[in-house]
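Protein chains: 2
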Amino acid sequence: MDEQLKKELENQSHHFRSLITEYCRFESVAAQKRMMPETAGWVERLLQQTGFETRQIEVAGAPNYVYGYLKGTGDYTLLLYNHYDVQPETPLELWNSPPFEVTERDGKLIARGICDNKAEFIARICAIRGLQSVHGRLPINIKWILEGEEEIGSLHFDALTRSHGDLLKADGTLWEGGGFNEKGQAALALGFRGMLYVEYNLQSVKQDAHSGNAHVLPSAAWRLVKALASLKDENGRVLIPGFYDRVRKPNESEVRAMRARVDPDMQEKYRAMYGIDSFLDGRQGYDFEAAVFDPTANIAGLLSGYTEEGVKTVLPAKAMAKMDFRLVPDQDPDDILEKLQAHLKAQGFADIQVTKLGGSEPVVTPIDGEFVQKMIRICRDFTGQEPEVNALVGGTLPLLGAMKHNVGTLGVSTSGNPSYYASGAHAPNEHIRVDDISRAIEFNMFLFSELGRD
Amino acid sequence: MDEQLKKELENQSHHFRSLITEYCRFESVAAQKRMMPETAGWVERLLQQTGFETRQIEVAGAPNYVYGYLKGTGDYTLLLYNHYDVQPETPLELWNSPPFEVTERDGKLIARGICDNKAEFIARICAIRGLQSVHGRLPINIKWILEGEEEIGSLHFDALTRSHGDLLKADGTLWEGGGFNEKGQAALALGFRGMLYVEYNLQSVKQDAHSGNAHVLPSAAWRLVKALASLKDENGRVLIPGFYDRVRKPNESEVRAMRARVDPDMQEKYRAMYGIDSFLDGRQGYDFEAAVFDPTANIAGLLSGYTEEGVKTVLPAKAMAKMDFRLVPDQDPDDILEKLQAHLKAQGFADIQVTKLGGSEPVVTPIDGEFVQKMIRICRDFTGQEPEVNALVGGTLPLLGAMKHNVGTLGVSTSGNPSYYASGAHAPNEHIRVDDISRAIEFNMFLFSELGRD
Numbered sequence: 001m002d003e004q005l006k007k008e009l010e011n012q013s014h015h016f017r018s019l020i021t022e023y024c025r026f027e028s029v030a031a032q033k034r035m036m037p038e039t040a041g042w043v044e045r046l047l048q049q050t051g052f053e054t055r056q057i058e059v060a061g062a063p064n065y066v067y068g069y070l071k072g073t074g075d076y077t078l079l080l081y082n083h084y085d086v087q088p089e090t091p092l093e094l095w096n097s098p099p100f101e102v103t104e105r106d107g108k109l110i111a112r113g114i115c116d117n118k119a120e121f122i123a124r125i126c127a128i129r130g131l132q133s134v135h136g137r138l139p140i141n142i143k144w145i146l147e148g149e150e151e152i153g154s155l156h157f158d159a160l161t162r163s164h165g166d167l168l169k170a171d172g173t174l175w176e177g178g179g180f181n182e183k184g185q186a187a188l189a190l191g192f193r194g195m196l197y198v199e200y201n202l203q204s205v206k207q208d209a210h211s212g213n214a215h216v217l218p219s220a221a222w223r224l225v226k227a228l229a230s231l232k233d234e235n236g237r238v239l240i241p242g243f244y245d246r247v248r249k250p251n252e253s254e255v256r257a258m259r260a261r262v263d264p265d266m267q268e269k270y271r272a273m274y275g276i277d278s279f280l281d282g283r284q285g286y287d288f289e290a291a292v293f294d295p296t297a298n299i300a301g302l303l304s305g306y307t308e309e310g311v312k313t314v315l316p317a318k319a320m321a322k323m324d325f326r327l328v329p330d331q332d333p334d335d336i337l338e339k340l341q342a343h344l345k346a347q348g349f350a351d352i353q354v355t356k357l358g359g360s361e362p363v364v365t366p367i368d369g370e371f372v373q374k375m376i377r378i379c380r381d382f383t384g385q386e387p388e389v390n391a392l393v394g395g396t397l398p399l400l401g402a403m404k405h406n407v408g409t410l411g412v413s414t415s416g417n418p419s420y421y422a423s424g425a426h427a428p429n430e431h432i433r434v435d436d437i438s439r440a441i442e443f444n445m446f447l448f449s450e451l452g453r454d
Numbered sequence: 001m002d003e004q005l006k007k008e009l010e011n012q013s014h015h016f017r018s019l020i021t022e023y024c025r026f027e028s029v030a031a032q033k034r035m036m037p038e039t040a041g042w043v044e045r046l047l048q049q050t051g052f053e054t055r056q057i058e059v060a061g062a063p064n065y066v067y068g069y070l071k072g073t074g075d076y077t078l079l080l081y082n083h084y085d086v087q088p089e090t091p092l093e094l095w096n097s098p099p100f101e102v103t104e105r106d107g108k109l110i111a112r113g114i115c116d117n118k119a120e121f122i123a124r125i126c127a128i129r130g131l132q133s134v135h136g137r138l139p140i141n142i143k144w145i146l147e148g149e150e151e152i153g154s155l156h157f158d159a160l161t162r163s164h165g166d167l168l169k170a171d172g173t174l175w176e177g178g179g180f181n182e183k184g185q186a187a188l189a190l191g192f193r194g195m196l197y198v199e200y201n202l203q204s205v206k207q208d209a210h211s212g213n214a215h216v217l218p219s220a221a222w223r224l225v226k227a228l229a230s231l232k233d234e235n236g237r238v239l240i241p242g243f244y245d246r247v248r249k250p251n252e253s254e255v256r257a258m259r260a261r262v263d264p265d266m267q268e269k270y271r272a273m274y275g276i277d278s279f280l281d282g283r284q285g286y287d288f289e290a291a292v293f294d295p296t297a298n299i300a301g302l303l304s305g306y307t308e309e310g311v312k313t314v315l316p317a318k319a320m321a322k323m324d325f326r327l328v329p330d331q332d333p334d335d336i337l338e339k340l341q342a343h344l345k346a347q348g349f350a351d352i353q354v355t356k357l358g359g360s361e362p363v364v365t366p367i368d369g370e371f372v373q374k375m376i377r378i379c380r381d382f383t384g385q386e387p388e389v390n391a392l393v394g395g396t397l398p399l400l401g402a403m404k405h406n407v408g409t410l411g412v413s414t415s416g417n418p419s420y421y422a423s424g425a426h427a428p429n430e431h432i433r434v435d436d437i438s439r440a441i442e443f444n445m446f447l448f449s450e451l452g453r454d
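Respectively, the protein sequence lines represent chains A and B.
Numbering follows our numbering, in which position 57 of the first sequence is assigned residue number 57; successive positions increment by one, without gaps.
Numbering follows our numbering, in which position 52 of the second sequence is assigned residue number 52; successive positions increment by one, without gaps.
Honestly, the hints are just simulated from the structure, not real lab data.
Remember, it's a predicted structure, so these values are computed and weren't measured experimentally.
Treat each hint with caution, since some may be false.
All copies of an identical chain are treated as equivalent in the list; a pair is satisfied when it fits inside any one copy or across any two copies.
With a straight-line cut-off of 30 Å between C-alpha atoms, the simulated DSSO-like cross-links for lysine-lysine are [stated by the list, open to error]: (1) LYS232 x LYS183; (2) LYS226 x LYS269; (3) LYS206 x LYS108; (4) LYS169 x LYS226; (5) LYS318 x LYS269; (6) LYS318 x LYS108; (7) LYS206 x LYS183; (8) LYS206 x LYS269; (9) LYS7 x LYS108; (10) LYS356 x LYS226; (11) LYS6 x LYS356; (12) LYS249 x LYS356; (13) LYS7 x LYS374; (14) LYS339 x LYS404; (15) LYS33 x LYS249; (16) LYS404 x LYS356; (17) LYS374 x LYS169; (18) LYS143 x LYS249; (19) LYS33 x LYS169; (20) LYS183 x LYS374; (21) LYS6 x LYS143; (22) LYS169 x LYS269; (23) LYS71 x LYS6; (24) LYS356 x LYS33; (25) LYS71 x LYS143; (26) LYS33 x LYS6.
All chains should be built: construct the whole structure from the sequences, respecting the hints.
Pasting the structure below:
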């Protein structure tokens, strides 16, 4: 890296701090539609100030999408994706500082949404500004799309890509997420699991009753508990008939990538972070890695009756649960929803209302394809070592299905985000490490330059 | 009833309205220890103003007990029991008026705690004042004990009766509760079920996690659901080994009383009130009545993860449930607690912390005994028809065990409370009917006079 770029990197790393502080102040909680227009406006202005032509795209029912285009000197067009929304900050009592005020402590910057994924947006902005400052124009064209409902399942991304597919076409796409691992390898993620998110609601009687009637009145809480319990056996295997029908096994290259990722130290750190002795079903080593190819059924929320301090002897009229199913190739969310409803009906729980709050299909970019191989080369050149290739990420990027079908661009996520394994996405005290900021910006600079080189 | 008493009854029924309004303004929620000293002070002053010698009794950890003594002209001493605490007002959104402001609508007075059991205290006060106004002194001595934690299980009533057993000794005791049924019969309740109230808490990982980790991290929500599901089979039978060991069948007189109580109209009203077609396990007729002799396991509260609007993809670190077991003769709460804990351990849920929040034994006053027979006679004389005798009430009066062991007085509850089957104790929009007020006061007047006659 030449001296001028090095100096500029230092400069941008400094700017990063004030920009991220400003950005995180926006309480852009998608689940509660908080401050969506304000946040979109701030993001658009930042793009404009970085030289982008911008527009906000309205799609009925969605917070506005922010779109930007930056013309470079070359022909290669890269699409960047980020989201400006964040997860709810609850449970508030577990935060050690105000969730929407970036707080520095022990070498960390702490705030809701900082790792997922406001810091990545700012790191990319800083990289572009750094390159512009030294070289004027970038060697590539950049398209940028930001949405405001990733954390609630990118509900309208399909509609966006149907109406604006051409606008989003590019030679390659970089999704959100990904840092460097603890060995200094760049991380590449080739695919994400799909998801079906549902809410269960039921009402057993017209009003809450005195629990002294429990021998004659049906309880919503009991029915919900029994219905949920019917979904899994003692070993965690999902009992919905046909649930595993379309699950495909990882192919040879994916197995090889997973074997290369096995890291006992990382698994040890994970255990320490969650305070557990062993993982679910005793998974470790390669089994820990490969378990990502197993679909899940997670209870995200559970509520019925009296939940405050002390005693209330009530028979609850209503009960609610939220559940996310993480789906693997080639499961389909609508197919799973149908099977779930059929199962509940067959078990005698037809009165439980199942509402689909989100659905996205699992999408994997082929590991042996040209785009992935090019990205592997760039990552190798930057770090001097093989990248860590993640064939399938445990989480979900809900827009991938829409992008695949309606735009057709292949994409990956890689190390442009100053996050690490313990950043605590979605959890209290979400954070990034100060020491990771400069490398993230430098990596983005390198990446944008290298993509223009071919 | 002579003219003077009749006039006085009208007078007292009028006073009742202002007194109950004042009383219900005290937000005396025991679960949250709200306004306990203020409420006790108001109650004590009202007793003083009615001629009682009073004192507040301190028991470590409990809201103060209020004790009053009124000397009459005869030898017979009656103990009255009431509680000045109420259930929490949640869920607030289901109330049609402010819970602590008595609101009149459609011939009803609506407020938290009005039926359970502030109106009964006021009705008894009004009856005593009415008799005093006409006759000067009452023919009986009255002892009165009021507590402030009935709704959380009368946790310190045992300690109170151990230290103040003699103070509470009387020839007969009237518990709280009970009105007239829809046929105009006075209701008598001879016993109450016992209760074990527990809270379950568990933590599966140190912090909430992104649910994309659900294939390797243990979930508190799932463990709790599975643990709860293990407590009951599909037919609602409790699966805790030994749970039914000490359950005794109702005796012949109790069966006869239950048969006399069977009322298809009442069961129809109950169905309408709760908006259901049939009761649990299709119970009806005598089976509906007799089911009260079955113990229950009720989920009173359930909480884990994200429960607000929309989507949050979180794997919950913690989960909580509250449960009340209604116990029948001769079950014992501590015995059931031990069996519950042993069951959870045997099922692999030793990590679930079980906290006992309340325990009370089932107590039944013998239906063929002298006190009950005397009360039956008084009820019959007042209404001109046989009373409705409830051998066992579905709810719980937690202090009965302590009274039985440490004081030894026999008691019943009867129609001194202007409540009816749909008063909605513990539920939103708890209320009494305006039309029932005068009869409740008159009944108490008659009762106090008749007890002095023998």
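Taking the hints in turn, this is what the structure says about them:
1. LYS232 x LYS183: neither (37 Å within a copy, 50 Å between copies)
2. LYS226 x LYS269: between (36 Å within a copy, 29 Å between copies)
3. LYS206 x LYS108: between (50 Å within a copy, 19 Å between copies)
4. LYS169 x LYS226: neither (48 Å within a copy, 48 Å between copies)
5. LYS318 x LYS269: between (40 Å within a copy, 21 Å between copies)
6. LYS318 x LYS108: between (42 Å within a copy, 26 Å between copies)
7. LYS206 x LYS183: between (59 Å within a copy, 25 Å between copies)
8. LYS206 x LYS269: For LYS206 and LYS269, only the inter-copy Cα distance (13 Å) is at most 30 Å; the intra-copy one is 49 Å.
9. LYS7 x LYS108: Within one copy only: 23 Å inside, 78 Å across.
10. LYS356 x LYS226: For LYS356 and LYS226, the Cα distance is within 30 Å both inside one copy (20 Å) and across copies (24 Å).
11. LYS6 x LYS356: Classified as neither; 49 Å inside a copy, 64 Å across copies.
12. LYS249 x LYS356: For LYS249 and LYS356, the Cα distance is within 30 Å only inside one copy (27 Å; across copies 48 Å).
13. LYS7 x LYS374: within (28 Å within a copy, 99 Å between copies)
14. LYS339 x LYS404: Within. Shortest intra-copy distance 25 Å satisfies the 30 Å Cα cut-off; inter-copy 56 Å does not.
15. LYS33 x LYS249: Neither: 38 Å inside a chain and 57 Å across chains, both beyond 30 Å.
16. LYS404 x LYS356: Only inside one copy: LYS404 and LYS356 sit 22 Å apart there, 55 Å across copies, limit 30 Å.
17. LYS374 x LYS169: within (19 Å within a copy, 91 Å between copies)
18. LYS143 x LYS249: neither (35 Å within a copy, 78 Å between copies)
19. LYS33 x LYS169: Answer is within; shortest intra-copy Cα gap is 29 Å, inter-copy 62 Å.
20. LYS183 x LYS374: within (22 Å within a copy, 86 Å between copies)
21. LYS6 x LYS143: within (26 Å within a copy, 88 Å between copies)
22. LYS169 x LYS269: Classified as neither: same-chain Cα gap 40 Å, cross-chain 65 Å, threshold 30 Å.
23. LYS71 x LYS6: Answer is within; shortest intra-copy Cα gap is 24 Å, inter-copy 95 Å.
24. LYS356 x LYS33: within (18 Å within a copy, 40 Å between copies)
25. LYS71 x LYS143: within (9 Å within a copy, 91 Å between copies)
26. LYS33 x LYS6: For LYS33 and LYS6, neither the intra-copy (40 Å) nor the inter-copy (63 Å) Cα distance is at most 30 Å.
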